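Throw the hints in and build the complete structure from the sequences for me.
Which chain is which? The protein sequence lines are A and B, in order.
In this text, residue positions in the first sequence follow my numbering: the first is 1, and each later residue adds one.
In this text, residue positions in the second sequence follow my numbering: the first is 1001, and each later residue adds one.
Hint data in this document are derived by calculation from the structure and do not stem from the laboratory.
Misleading hints may appear alongside valid ones.
To be verified - Only part of the chain A face toward chain B is listed, based on derived beta-carbon distances under 8 angstroms: (1) L45; (2) W66; (3) F68; (4) L107; (5) G110.
As the list claims (entries may be wrong) - Think about it this way: if two alpha-carbon atoms lie no more than 30 angstroms apart in a straight line, the pair counts; the simulated DSS-like pairs of lysine-lysine are: (6) K1009/B with K38/A; (7) K1009/B with K106/A; (8) K38/A with K16/A.
Note that this is a predicted model, so its numbers are computed, not measured.
Just so you know, even glycine gets a beta-carbon here, dropped at the ideal spot from N, CA and C.
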Amino acid sequence: AQKVTQAQTEISVVEKEDVTLDCVYETRDTTYYLFWYKQPPSGELVFLIRRNSFDEQNEISGRYSWNFQKSTSSFNFTITASQVVDSAVYFCALTSTWESGGSNYKLTFGKGTLLTVNP
Amino acid sequence: DGGITQSPKYLFRKEGQNVTLSCEQNLNHDAMYWYRQDPGQGLRLIYYSQIVNDFQKGDIAEGYSVSREKKESFPLTVTSAQKNPTAFYLCASSGGAGYQPQHFGDGTRLSIL
Chain A
1 AQKVTQAQTE ISVVEKEDVT LDCVYETRDT TYYLFWYKQP PSGELVFLIR RNSFDEQNEI
61 SGRYSWNFQK STSSFNFTIT ASQVVDSAVY FCALTSTWES GGSNYKLTFG KGTLLTVNP
Chain B
1001 DGGITQSPKY LFRKEGQNVT LSCEQNLNHD AMYWYRQDPG QGLRLIYYSQ IVNDFQKGDI
1061 AEGYSVSREK KESFPLTVTS AQKNPTAFYL CASSGGAGYQ PQHFGDGTRL SIL
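And the structure:
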């Protein structure tokens, strides 16, 4: 079965520090999709990025960057110059075609990493 | 504005009672989902529906039921068979194929009296 591991339960940094959130995944499928979501204290999950298994290109969006490495089954997320507004729980998630019964509708989430950015 | 509306925000259930959580979306999405979130457990899929009048069990469907009579609505009933219903419940929707990003509501927090 597909699995997502976020080994860091909680991270605390001081504003302007860089921080990397780790995500390791497991799937037997060759076609899969990885996601990162942010959950602020309000509770709603906000989509940040999707990456498919055929695209190992790293991505940068403002202060956010993602490093996808199939060789190590990792999809890590880095926040540069962190800000207090970045404080949230961050979830990594995976869906794979075969393990979802061909539809990719079953999304498996990691347990999340609580990031606290202190002023 | 387009989005997903969950109601109520807080809900209390007495022992032996069924309660229904509402989820409505105006994004014209075909697929809708219900997740349960417990502290330290991440999100777990309860049920999902790819299209009207069709739905599938997720990983923890026991003690829950759903219906999908309209495209925009996907209510979740927490039955008395669910012995540990206290949790945060999130509804989501996505358009097109299943690998499309899911859009989430604000959630309903269910507690037992």
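For this structure, which hints from the list above don't hold up?
-> When the structure is compared with the hints, numbers 2, 3 turn out to be violated.
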